Amino acid sequence: MTTYMSAIDNPPPHRRIPLSPDQIRRHQLPRAGMGRRGYSEAHVDALLDRIASDAENAIEANQELRAQLQHMKDALKQWQTDYQTMHPVTRESISADAVNLMARAQRQADGLVAQAQDYAARLSWEAQHQASSILASAQQRAEIEAERAVHTYRHEAGRRYAAEIEEMERRLAWLQAFTHAIQVQLTTAAQAFVEEVGKLTELIPDQG
Amino acid sequence: MDLRESWDAAAALGDAVPLHFYSVLFLRYPQLRALFPVAMAPQRDRLVGALGYIVANASDADQLTPMLRRLGADHRKYGVRPEDYGAVGEALVETLAHFLGEAWNAELHDAWLGAYQLVSSVMIGAAEADAQAAPSWWDAEIVDHQRRTPDIAVITLRPERHYLYEPGQSLSLTCDLRPNVWRFYSPANAPRPDNSIDLHVRIRYGGQLSAALVQSLRVGDQVRLGPASGEGLRLADGHLLMLAGGTGLAPLKALAEQAAGKDPTRPIDLFVGARTAADDYDRAALRQLAQECPSLRVTSVIGEAGSPDPVEMALRRGRWDDADIYICGSDEMVSDAVRKLRARGYARLHFEPPTAWFYGPQRYQKDTS
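From first to last, the protein sequence lines stand for chains A and B.
The first sequence begins at 1 in our numbering and counts up one residue at a time.
The second sequence begins at 1 in our numbering and counts up one residue at a time.
Among the hints, erroneous ones may be present.
[Claimed, not checked] Listed below are the simulated EDC-like cross-link pairs for lysine to aspartate or glutamate, each with C-alpha atoms no more than 20 Å apart in a straight line:
1) A:73 with B:128
2) A:77 with B:83
3) B:77 with B:5
4) A:77 with B:176
[Stated by the list, open to error] Output of the computed footprint for chain B on chain A, the stretches with three or more beta carbons under 8 Å from beta carbons of chain B:
5) 65–72
6) 114–121
7) 185–193
Source of the hints: derived by calculation from the structure; they are not laboratory data.
This one's a predicted model, so the numbers in the text were calculated from it and none came from an experiment.
Backbone N, C-alpha and C fix where the C-beta goes; we use that ideal spot for every residue, glycine too.
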C-alpha cells in the first residue's frame, strides 16, 4: 500500500499552496485493494475534498482582488476629480526669480552639509590614525624597556634567580614605560592644541 | 517626442532638473519642506533614479507594480499623505515643461499627467492597504546606550507599540538630532517579550546620522522607526555558518538567537571579524550566549585588512558542505566573501545584495550621503 503523498497532507486550508493542474493529473490514486475494482474510495474522497477546498480558496482570493481593484479605481476617480477642482491660484506659475532663489539656497545648504561631512570625516580619520600611532609607538618603547629590565634582573639576580620574579620585573617595566610614553605623547598633543587655540585668539583685535 | 524621449532629454540636463522640481514644489506647498532633510542632493538623485526606473519599465507592469506598491507603503513613514501626491504631479509637469520648452506640448502634458496619475494611484492604494495593517511609523524610546568603543555603540530602544520583525531584517530609523535623515539598521536580537531591540551602530566617518546616534543620543531620547524589511537573511534549517564583519554581526546574532531558541542542539559556527581586540565590541555578550547555548561556537578573528578575516578563518577550518552560510558586513567584505565561497563550490549563501534597490536596506550603515 503506498503511503499517502505529502502533497495531500493537511496544513490548514487557508495557508496551503493549491495543487497545480499538473499535480492533480499526475496524482496516483491507490487501487481499492484485494478483490475490489476501481480506486480506494477513501483516497478518492480525500482528493476531491482537497480540490474542492483549493477551488474555494481560489474563488475567495479572486473576490478579494476584485474588491481591491474596485477600491483603486474609486481612489483614482476621486484623485482625478480633486485635481480638476483644485483652486486656480495654486496653478499659477511662480516667478523665475523665486525659483532661482530657492534653488541657490538649497545648493548652499547642500554645500555646507557636504563640507561639514568632509571635515568630520577627515578629523575622525586623522584622530584615529594618530591614536593608532601613539599606541604603536608606546608599545614599542614598552617592549624595549621590558627587555632591558629582564636583562638587568638576570645580571643582578645570580643564584637568587626566580622565573616568577623575572616575569614580574618584565611586566612592571612594560607598564611603566607604556604609561609614560602615552603620557608624553598626550601632553605633546595637548600643548600643540593649546598653541593652536592661542593663535585663534590672536585674530581677535580687542581682547576685553 | 514621446514620454520616454522627453524623460531622456530632461535627465540629460542633470541636477538642475530635480533642483527646479523641488524648488517649485516647496514654493507652492511650503508645508512639504518639513518632510525632507536639510541636505537634498541624495534625495534629488533618488528622485531621478526612481523616475528613470518607472519610465524604463512603464510597459512592464509585473516589474513596476510591486516596486510602486513597496514605494507607496514605504512613504508612509515620512508622513506623506494621499493629498500630497497631487502637489508632486503638478510640480513634475511644470518642471518638465520648463526645461523642454518648445518640445513641450499638450500631448506630452496629458501623457505625463496620465502616467503620474497611474503611478500615484498604485502608491496611494498600497499606502491605504498598508494602513489597515500597520501604523505609519513607530515611536521608540532609548532605554540603553553603551559606547563599546570610540566608534561603536550598542543602543537598546523600546517601541511604544509592538514592533514586528524577523531576525535578519533591517529597520529604518530617524531621530530629531538629524531631522528626516533615515538610515537602516538591523536588530541584533530575536524578538523579546518586552519588545526591546538592540542596534549595533558604528560611526561612519562623514556619515550624517551614525555619528549623532553614537555620540549625541542619550537614554530617554526618542527615535522613529519605519517598518522592517529585507529578505536576504532568513533562518534556514540545519547547520549554520555565520561570517560577520564589524557591525554586520547584528543580524547574524539575531538569527543565532532565533535558531538557538528553537533548537538548542543545532550547531552554529559564528566567526566575528574585528580590526583590533578593542574593536571586538560584543565579545562579552557573545561569550555569554555561547555559554548558555553549547552548540553555538564563537570565534573572534582579529586582524587588519590583509591578515586572516572571518571568511579565511572559516575556510581554513575545513569544508562546510552541510551548512547554510550567512555573510554580513561591509559591501566589500560581503562581495569578497561571496566570490571566494562560490569559487570553492558553496551555493547555500545568504546575504543582502550589496547594491540593493535604491529604497531597500543596504548593509553597513547605508550612509549613502
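Just pull the numbers of the violated hints for me, sorted ascending.
Violated: hints 3, 4, 7.
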